[in-house]
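Visitor: Order-wise, the sequence lines are chains Z and Y.
In terms of this note's numbering, the first sequence has 614 at position 314, counting the first letter as 1, and numbering is strictly consecutive.
In terms of this note's numbering, the second sequence has 535 at position 235, counting the first letter as 1, and numbering is strictly consecutive.
The set of hints was computed from the structure by calculation and includes no laboratory data.
Keep in mind that the hints are not guaranteed to be accurate.
Note that the list lumps identical chains together, so a pair holds whenever it fits in one copy or between two copies.
Unchecked claim - Here are the simulated DSSO-like cross-link-like pairs (lysine-lysine), alpha carbons at most 30 Å apart as the crow flies: (1) Lys-319 - Lys-515; (2) Lys-431 - Lys-445; (3) Lys-654 - Lys-399.
There are 2 protein chains.
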Amino acid sequence: MKNIEKTKTQAAGTLVTPKGFHAAGLHSGVKRKRNDLGVIYCEQPAQAAAVYTMNQVKAAPIYVTKESIEEGQQLQAIIVNSGNANACMGEQGMQDAYKMREVTANKLGVQENDVAVASTGVIGIPMPMDKIVPHIEKLKLGQTKMEADAFAESILTTDTFTKSVCCETEIDGETVTMAGVAKGSGMIEPNMGTMLGFLTTDAVIEADMLQLALKESVDETFNCITVDGDTSTNDMVITMASELAGNHSLTPDHPEWGKFVELMKSVSQGLSQAIARDGEGATKLIEVEVSGAESDLAARKVAKTITASSLVKTAIFGSDANWGRFIVAVGYSGETIDPQNIDMSIGSLPLLQKSEPVEFSEEEAKAYLQNETINIYVDLNIGNGSGKAWGCDLTYDYVRINASYRT
Amino acid sequence: MKNIEKTKTQAAGTLVTPKGFHAAGLHSGVKRKRNDLGVIYCEQPAQAAAVYTMNQVKAAPIYVTKESIEEGQQLQAIIVNSGNANACMGEQGMQDAYKMREVTANKLGVQENDVAVASTGVIGIPMPMDKIVPHIEKLKLGQTKMEADAFAESILTTDTFTKSVCCETEIDGETVTMAGVAKGSGMIEPNMGTMLGFLTTDAVIEADMLQLALKESVDETFNCITVDGDTSTNDMVITMASELAGNHSLTPDHPEWGKFVELMKSVSQGLSQAIARDGEGATKLIEVEVSGAESDLAARKVAKTITASSLVKTAIFGSDANWGRFIVAVGYSGETIDPQNIDMSIGSLPLLQKSEPVEFSEEEAKAYLQNETINIYVDLNIGNGSGKAWGCDLTYDYVRINASYRT
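Please model the complete structure; the sequences and the hints are all you need to start from.
Guide: Here it is in structure tokens:
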């Protein structure tokens, strides 16, 4: 991730900026007010790749989307609803997910197998199909920011803002664009907490190669964020490539493959940070960077353990430089460490050298910890592995939101 | 754990009820008001066993106590302070822990190697030895409830009440008594969160056998509680056997070995429940019982995953029968399940049968969830393994306490 800045440019675009994509979103009545139904459409069948929740209990849309993508490794549309997760609803849930796929396919004149279905919201309540089905018919596709924003809003649950990133790069002399939208915001945890992410690109790339890039990107971005450690039944990240950019088809042998992967990581990282920052009740984004680990994987694991600690999260909320909690988390991360040889700092303020406290100004620390983004650096001093993870503080509002989500 | 009730009787006693034990506790000034220094003493060297934190970053007292117990497998005293954890203090921390051991040994006229040291509190602050050392000299041992209570108070940090259990049974026709005290209350998690537990018994039993019984008891009790998933640098459970009860020496071949193990589990379970109930900011004790698992170990793991979920904990705080969150936790527990075949209930109210929702009265559920103890039952319907875990709800007060613990 070190050279992201060199390989991509953040563009002002949206989900429909990559060539060939259209979007729509509206309010169907499942949620009280906000948009709760949306669709992404590609003018031609797009190469498709996806990663899904690791939870053994999977919601119906996960099965249906998997079936669609496995059939032809392509998608032409993604239909998404929020407000109801369609999880733990048995056979009826499957029928409802298939029905959403069928109605969407018919409306758009595409193959059923080229439609993915995603749902997010409450578990164990029958899908209000009487609201969803007629409103699928009413979705009005467009290619402007307005429609992209309407879609981005339609997938939110307790999120407080829409999450959208667009980046571009040049491959084979052609501009290749990738954009993404995502939703958080509770249950965010390594290996897909309740999180939906949809990436669109116009790159020319086959589905298998797209999957390869997606896996690598997700491991270093979406899988490195945590809000509360819960992993949901519904999560997925889907990417669609319209192949309209005009580059030579991308494979790891392509001389600019690395640029494409960095492009995807940039989009994914931007969305991941936005999700962490918008964790339920969060007031601060916590970014932990670990270096000197046995491997990059180990570094990410240590970083994630720190961001996942309730005690770290509450300390950051309270602007308290309680590094004891940081090192405790390092110690139970399960990764190889030398307990006597850890360096740690927040921002530019060293807290710990060789595992012993460094004198620091409490005022300076407190002032730093009142920023909206908190950087924690940990050097394990045993190897060359490095990695990052993102999380948020744990606040009164997290408790308030979750003590009364369902009722 | 099924036959606990048959093999032990809860006694009204304290830490000093088992024959041979004395205790003391006082306020040395490390904490503002409450007792913060205590000692347990045995009239003769007691057989000793202990389990320690799994955190790779261990506080100095852990090393010193290990050294003491490994030397002769016996202890005659345990010196404990609260308010300062003596963790991450490098060589100075080790010297301070040794100094506490030395001063205690001299005062009591016992071998240094027969003294254990335990500390709990803030990490990374030098030990206020100027307060601790002179106050060790002032500790006044006694064998009444007053001294036992003074000790129980001296080990607390953010705990809101002292935790003490005493049980007795009959072995070889003799009354065998075991008592314990413990402290929680944040950072409580499988494999020793910041938790200190001290068990005294007059049973005749050699140290190796005591260790065997301790390991089994801890796995089913202390290691089955979670408050926030953090595992501290300082935790330990120590047990001392004065061997004054007059029974034949206990080994697994003794016909009443099982009664002894149940006695220890009863004491440990009582303390574990008290720790969970007194989790930081907690208003409710959550007891999860899982049956039908692949093994007892798997059942405990699933139960622990449910009690550890922030979303479950906030739902219970809000008296919300949001079983979707319970089944989500089952799904990411990592244990073998059949996602289509899970039964679940709270109290006597079925919520889920074969993974599908059962209609239930929201009022009845809400009323039940306002109790101080919440029982969640999960039947995985795939095997004969069963087990329990304990936790607490996640409240505004947890955030308040931990946003400002250090400063």
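Visitor: Now, for every hint given, state plainly whether the structure supports it.
Guide: Here's how the hints hold up against the structure:
| no. | hint | verdict |
| --- | --- | --- |
| 1 | Lys-319 - Lys-515 | within (23 Å within a copy, 63 Å between copies) |
| 2 | Lys-431 - Lys-445 | within (26 Å within a copy, 67 Å between copies) |
| 3 | Lys-654 - Lys-399 | between (60 Å within a copy, 24 Å between copies) |
Hint check: no violations occur; every hint is consistent with the structure.
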